[in-house]
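> Chain by chain, the residues:
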Amino acid sequence: MILREDLMLRHVGDDYIIVEPGQDQIDMSRVYTLNETAAWLWEQLQGKDFNSDDVTALLLERYEVDRQTAAQDADALIALFQSQGLVKK
Amino acid sequence: MKDVKTINQNESQQRMHYVIADLLMEIYLPRTVNSAEALPSFAPFLVEHTDGDPILSVTVGFEKLQDDMEQTKLLSEESLVWGDHFQFRESENYYYTILRTSTKQEEWKMRSSKDFFHNEVYAVENEIQSTTVLSWLLMVTFAQSALRYQTLLVHASVVEKQGGGVAFLGKSGTGKSTHSRLWLTYLSGYQLLNDDNPAIRIAADNKVWIYGTPWSGKTPCYRNVGVALRAVIRLSQAKENKLEWKRGKEALITLLPSGSGLRWNSGLFGAMTSIFQRVQEYVPVGHLNCLPNAEAALLCETEIEQKQINEVRE
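Residue numbers (the UniProt record's numbering), protein chains in the order written: chain F, 1 to 89; chain L, 1 to 314.
Chain F on its own, in the form it takes in the complex:
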């Protein structure tokens, strides 16, 4: 999968956020807050076609975690990206 290119990660104050403008007639714009790890992954995954294994590998590279935990976290993050529509359809 590929991250949506029209969304931009912003570092505002102490937070990492993505502002998604509502596309329907009624303005339902949304603001997503990412923690530091998710924000770092968002940057690493820019423009790449990635899967759960790629995210797991990135987590193992940067953090002191075992493979199973990293894989679980990767799956959880990807599920969240998908359910919130932050990846390309």
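Hints listed in this document are in silico derivations from the structure and should not be mistaken for laboratory results.
Accuracy of the hints is not assured; some may be wrong.
[Claimed, not checked] Listed below are several chain L residues computed to face chain F (Cβ distance under 7 angstroms; list not exhaustive):
1) Ser-76
2) Ser-79
3) Lys-249
4) Ser-260
5) Arg-263
[Claimed, not checked] Derived DMTMM-like pairs (lysine to aspartate or glutamate); straight-line CA-CA distance at most 25 angstroms:
6) Lys-246(L) <-> Glu-20(F)
7) Lys-207(L) <-> Asp-14(F)
8) Lys-246(L) <-> Glu-305(L)
9) Lys-171(L) <-> Asp-24(F)
10) Lys-249(L) <-> Asp-15(F)
11) Lys-114(L) <-> Glu-90(L)
12) Lys-249(L) <-> Glu-61(F)
13) Lys-218(L) <-> Glu-90(L)
14) Lys-249(L) <-> Glu-43(F)
15) Lys-88(F) <-> Glu-303(L)
16) Lys-114(L) <-> Asp-24(F)
17) Lys-161(L) <-> Glu-90(L)
18) Lys-89(F) <-> Glu-64(F)
We put the beta carbon where it would ideally sit given N, CA and C, even for glycine.
Once you have looked at the hints, place chain L on chain F.
Relative to the frame of chain F, chain L by itself:
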């Protein structure tokens, strides 16, 4: 692209230049139109001689637009100003703004390039001097084009004193204008800068300015003046007066609903968000729960002054 009839810029047209928030607009009007009567609120912004490039160009004519609207996508049908006599549409190459002043009237149409640099207004001749449609369409073009120049049209009422301005945000009907009136009535030295659509501009030195514009809602206050932006305050009606300062993400969320960047265009919306992001870095942003009384204005002014003293100390 299919062959469409466009309005030509030619000898039958007069070229007008207006400078708003330091940005140049170029407008071609039919010679038969008296510009002072068609755009009275623009008079303070008129310039005779210009150097530099315009941020946008608008050509106004009385031809009919031939483009097939069936082939375009409807983005919005709601407008606070025009009610249900309004449509905003998109095709591969253009945005279309379509409206009428009443059910019986003919439609005005504006065709704009995706960056709103090139705009053609297909006007209703007998309404060009008797209605504010043209002024309103020019506001649409300015609101989007200005975003490329670190300038943002906001829905706000603004008071100013000695070169410093305070902007009040809020949903329609919250009482932005009412709150401004409280400052003018109960606090000394304040004047209204704009009552509906001022422009915020971030200068090269990161100083943030706020300007009067030709668009001020129902209040005829069209001042060609820019002042330093001292604070931005969102208003909510409440049972008691209380001001809360916002930082970072919360400040950005406080500002975002009052900006005019098109949310269907990720470039323009992103530019708007970036400008607001920088505004909250340099200017205090707060939320005032308030009653429509003198105490609300006093409390707000005192809090802003206190905030500025604290930030100088920091």
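> Does each hint fit the structure? Answer for all of them.
Cross-check of the supplied hints:
For Ser-76(L), the suggested interface contact is upheld, since its CB lies about 5 angstroms from the closest CB of chain F, less than 7 angstroms. At about 11 angstroms, the closest approach between the beta carbon of Ser-79(L) and any beta carbon in chain F exceeds 7 angstroms, and the interface hint on this residue is violated. Satisfaction of the interface hint for Lys-249(L) is found here, the shortest Cβ-Cβ separation to chain F being roughly 4 angstroms, below the 7 angstroms cut-off. For Ser-260(L), the interface hint is violated, the least distance from its beta-carbon to any beta-carbon of chain F being 12 angstroms, above 7 angstroms.
Proximity of Arg-263(L) to chain F holds as hinted, the smallest CB-CB distance being about 3 angstroms (cut-off 7 angstroms). Between Lys-246(L) and Glu-20(F) the CA atoms are separated by roughly 21 angstroms; this keeps the pair inside 25 angstroms, and the hint holds. Distance restraint check for Lys-207(L) and Asp-14(F): the Cα-Cα separation of roughly 22 angstroms lies within the 25 angstroms cut-off, and the hinted pair is therefore satisfied. A hinted pair counts as satisfied when its Cα atoms are at most 25 angstroms apart, and Lys-246(L) with Glu-305(L) qualifies at roughly 16 angstroms.
The hinted pair formed by Lys-171(L) and Asp-24(F) meets the criterion: a straight-line CA distance of about 19 angstroms does not exceed 25 angstroms. This hinted pair checks out: Lys-249(L) and Asp-15(F) have alpha carbons roughly 6 angstroms apart, not beyond 25 angstroms. This hinted pair checks out: Lys-114(L) and Glu-90(L) have alpha carbons roughly 9 angstroms apart, not beyond 25 angstroms. A hinted pair counts as satisfied when its Cα atoms are at most 25 angstroms apart, and Lys-249(L) with Glu-61(F) does not qualify at roughly 30 angstroms.
Between Lys-218(L) and Glu-90(L) the CA atoms are separated by roughly 29 angstroms; this puts the pair beyond 25 angstroms, and the hint is violated. With a CA separation close to 19 angstroms, the supplied pair Lys-249(L) and Glu-43(F) stays within the 25 angstroms bound. Between Lys-88(F) and Glu-303(L) the CA atoms are separated by roughly 46 angstroms; this puts the pair beyond 25 angstroms, and the hint is violated. A C-alpha spacing of about 19 angstroms is found between Lys-114(L) and Asp-24(F), which places the hinted pair at or below 25 angstroms, so the restraint holds.
Restraint check for Lys-161(L) and Glu-90(L): the C-alpha separation of about 42 angstroms exceeds 25 angstroms, so the hint is violated. Restraint check: the Cα-Cα separation between Lys-89(F) and Glu-64(F) comes to about 33 angstroms, which exceeds 25 angstroms; the hinted pair is violated.
The structure fails hints 2, 4, 12, 13, 15, 17 and 18 (numbered hints given earlier, in ascending order).
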